[in-house]
Amino acid sequence: MFNAAPSLKTQPPSRTPPGTVKPLSKPTDTGGATLVFGASPGAAHEPKVPAKIDASANATILFGKAQSAVVRPPAAQVPTPPPQKPPPPMRAADLARAGAPATQASAEDEPGAAEPAGEIRDAGGEQAAAGASAAEDDLAAGQAAASEESEAAASESAEGEQAEQAPAAHGPPRALVIGVGAAVALVLALAGVVLAVKTLGHRAPPQVAVEALADARAAAEKDTLASLAEAEGLANAALQAAPKAHFPQAHAQLAEVEIAWADALNDQAWYWSERAIRALTQGDDKTKAEAEAKGAALQDAAKARLKTGFEAAAAGNKMDPKSADVALALADYYRAARSRVNLSRELKRAALLKADDARIAFVQGTEFLAQEEGASRALEKLRAALAGSPQSARIRFRIAMAQLAMHQDAEARKELLETLRLSPQHERAKLAMELLAPAGARPAPAAEGKKE
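Following my numbering, the numbering of the sequence shown begins with 5 at its first residue and continues without gaps.
Since the hints were derived computationally from the structure, they do not count as laboratory data.
Hints may be right or wrong, so weigh each one.
Calculated pairs, DSS-like style, for lysine-lysine (alpha carbon to alpha carbon, straight line, at most 30 Å) [as the list claims (entries may be wrong)]:
no.	residue 1	residue 2
1	Lys298	Lys322
2	Lys307	Lys292
3	Lys248	Lys418
4	Lys248	Lys298
5	Lys434	Lys307
6	Lys292	Lys434
7	Lys322	Lys358
8	Lys292	Lys352
9	Lys290	Lys418
10	Lys298	Lys311
11	Lys352	Lys326
12	Lys322	Lys352
13	Lys322	Lys292
14	Lys292	Lys248
Please work from the sequences and hints to get the whole structure.
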């Protein structure tokens with residue numbers, strides 16, 4: 005045993021990590037060391053014997069703070085189970101008891117060395133116990149922190165996996181649901197708009213508007229400038245009485261009144277041109293100039309009436325493109341505007357929409373009357389139109405003009421008289437009676453000029 009002491013003195017101390025508790029210093033021969041007289045040099049180093057414990061105790065670090073050797077799993081990986089709790093460390097008292105027999109035996113062999121050795125052992129044991137207690141606290145705190153961190157990482161990973169699997173487990177994505185909901189809402193809104201248009205846009209006109217429209221038609225049949233002005237006012241009153249109603253007939257009637265007014269103005273312009281020709285033959289330049297000025301003013305007024313009539317017909321066509329009355333009004337406008345292509349198209353549309361045959365015949369007869377050598381065809385169509393409206397002074401006057409173009413003076417005079425019976429204030433019938441010469445009839449005003 006004494007022979008083993010020198011080898012322990014040359015053995016270097018075990019290395020500890022930086023910042024840990026400094027181990028107890030070994031006794032040295034320098035000043036301040038405690039030595040017992042008469043004892044061998046190895047007696048002072050006998051407290052080193054506890055370092056020679058069995059191999060099972062070398063896993064415990066008595067001094068210094070335990071290193072955080074717990075491997076922290078990455079947050080993105082699958083959580084690993086928490087590390088197993090290491091076996092409890094062997095306390096310093098156990099270590100002291102394990103080395104106590106050898107120490108006591110060594111102390112008993114040397115007389116007088118028991119007390120100093122015991123004091124050294126007691127001091128070393130207290131310091132070892134204090135260091136072990138601090139190491140245990142640090143180790144327990146490190147293990148608790150590592151355990152909490154591993155549990156937090158495991159819970160975060162589990163929540164991430166649940167969040168990734170949530171869309172597949174709970175149904176379609178939220179964006180898809182929102183998009184489908186918006187599409188359904190849009191379809192429902194459009195359906196509501198269409199329903200509102202059908203219910204409100206096709207509201208029947210009130211009785212007051214219907215009566216005003218009937219009066220406008222009756223006034224327009226008289227075919228005088230005053231009656232046409234009255235008919236225009238009644239048609240506008242019918243439209244004002246039904247501002248939100250589905251009433252394309254009122255727009256069509258207003259257009260018919262304006263076109264008839266334009267025809268009347270053009271007829272009067274033709275008669276003033278005839279007066280200008282007569283004044284020229286008589287050498288009356290003043291009368292000729294006055295007649296030509298009045299004729300030009302009447303033609304300008306007729307163009308303005310045609311424009312108003314087209315606007316009224318276009319408004320009715322916008323309200324109801326399938327209205328037969330509107331199609332006839334547009335056909336009559338293109339007839340007065342001398343647009344044969346558009347006239348033919350609108351007449352076909354009116355026939356497809358089941359328009360009144362008598363009204364279609366009137367538009368066709370008036371168109372034939374404006375053509376050269378078309379008086380006979382015009383007379384046939386106008387008689388068919390008269391069968392549908394026998395009280396129409398407008399149709400009677402057009403028949404008289406066709407007969408004048410065919411040089412049927414007696415028949416023309418009869419039709420003019422019938423026109424004046426139905427409408428005593430018919431200005432153009434009076435002018436035609438004045439211009440009607442016993443030797444023959446003059447050309448009809450509607451037959452003047454050729455369409456291009």
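For each hint, the structure was consulted:
no. : hint            : result
1   : Lys298 / Lys322 : violated, 37 Å
2   : Lys307 / Lys292 : holds, 23 Å
3   : Lys248 / Lys418 : violated, 46 Å
4   : Lys248 / Lys298 : violated, 42 Å
5   : Lys434 / Lys307 : holds, 24 Å
6   : Lys292 / Lys434 : holds, 21 Å
7   : Lys322 / Lys358 : holds, 19 Å
8   : Lys292 / Lys352 : violated, 44 Å
9   : Lys290 / Lys418 : violated, 35 Å
10  : Lys298 / Lys311 : holds, 20 Å
11  : Lys352 / Lys326 : holds, 13 Å
12  : Lys322 / Lys352 : holds, 18 Å
13  : Lys322 / Lys292 : violated, 46 Å
14  : Lys292 / Lys248 : violated, 51 Å
Checked against the numbered hints listed earlier, the structure breaks hints 1, 3, 4, 8, 9, 13 and 14; every other hint is satisfied.
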